[in-house]
Amino acid sequence: MNDQNHTRLGDRIIRLLGLKVSESGRVSTEYGTKTPLGFGRMIYRIVNDIYQDKVNAPTLDQLALEAFAQRHGRNWRARLRDQWTSSQDFGWQRRLRDSVGPEGLSKLKVNIVYKQEKRT
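71 is the number that my numbering gives to position 20 of the sequence shown; each next residue is one higher, with no gaps.
I should point out that these hints are in silico values taken from the structure, not numbers from a laboratory.
A few of these clues could be false.
Under the rule of at most 20 Å between Cα atoms (straight-line distance), these lysine to any residue pairs were calculated in the SDA-like manner [to be verified]:
hint, residue 1, residue 2
1, Lys158, Trp135
2, Lys160, Asp133
3, Lys160, Ala115
4, Lys158, Gln144
5, Lys160, Leu111
6, Lys158, Thr136
Everything numeric in this text was worked out from a predicted model, so none of it was measured.
Taking the hints into account, I'd like the entire structure generated from these sequences.
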């Protein structure tokens, strides 16, 4: 997240809490009670901590892709491509297709360890 987006997110949280930031950088409530700048810094620190936790957490689309890959085994890319071309895909699959495209499918990786099948 770049600084501009980070600042916007912090500003949104300040607004949601009913606070205002003056030109001098002091945070105040709607009722005019002044609080030290440290409160604003604390809010930005909280925003940063929340963001850092979300960076490492997979999105729902990533979890859906991992579940799909696990269900279909080593040939999951071919199965996904077949569903894309036959228009039998779901919302997360369409979003993936729109973001990476069919040619980007070969570069996709999932965090799945395939189980070795025992041959008898």
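> Do the alpha carbons of Lys160 and Leu111 lie within 20 Å of each other, as the hint requires?
Replying inline: holds (16 Å)
> Lys158 and Thr136: Cα distance at most 20 Å?
Replying inline: Given that 20 Å is the threshold and the Cα spacing comes to 18 Å, the pair holds.
> Can the restraint linking Lys158 and Gln144 be considered satisfied, given a maximum Cα separation of 20 Å?
Replying inline: Distance ~15 Å between Lys158 and Gln144 Cα, so the pair holds.
>> Can you confirm whether the C-alpha distance between Lys158 and Trp135 stays at or below 20 Å?
In response: Between Lys158 and Trp135 the Cα gap is close to 16 Å, so the pair holds against 20 Å.
>> Would the hint linking Lys160 and Ala115 be met if the CA-CA limit is 20 Å?
In response: Within the cut-off at roughly 13 Å; holds.
> Taken at face value, is the distance from the CA of Asp133 to the CA of Lys160 at most 20 Å?
Replying inline: holds (18 Å)
Every hint from the earlier list agrees with this structure, and none is contradicted.
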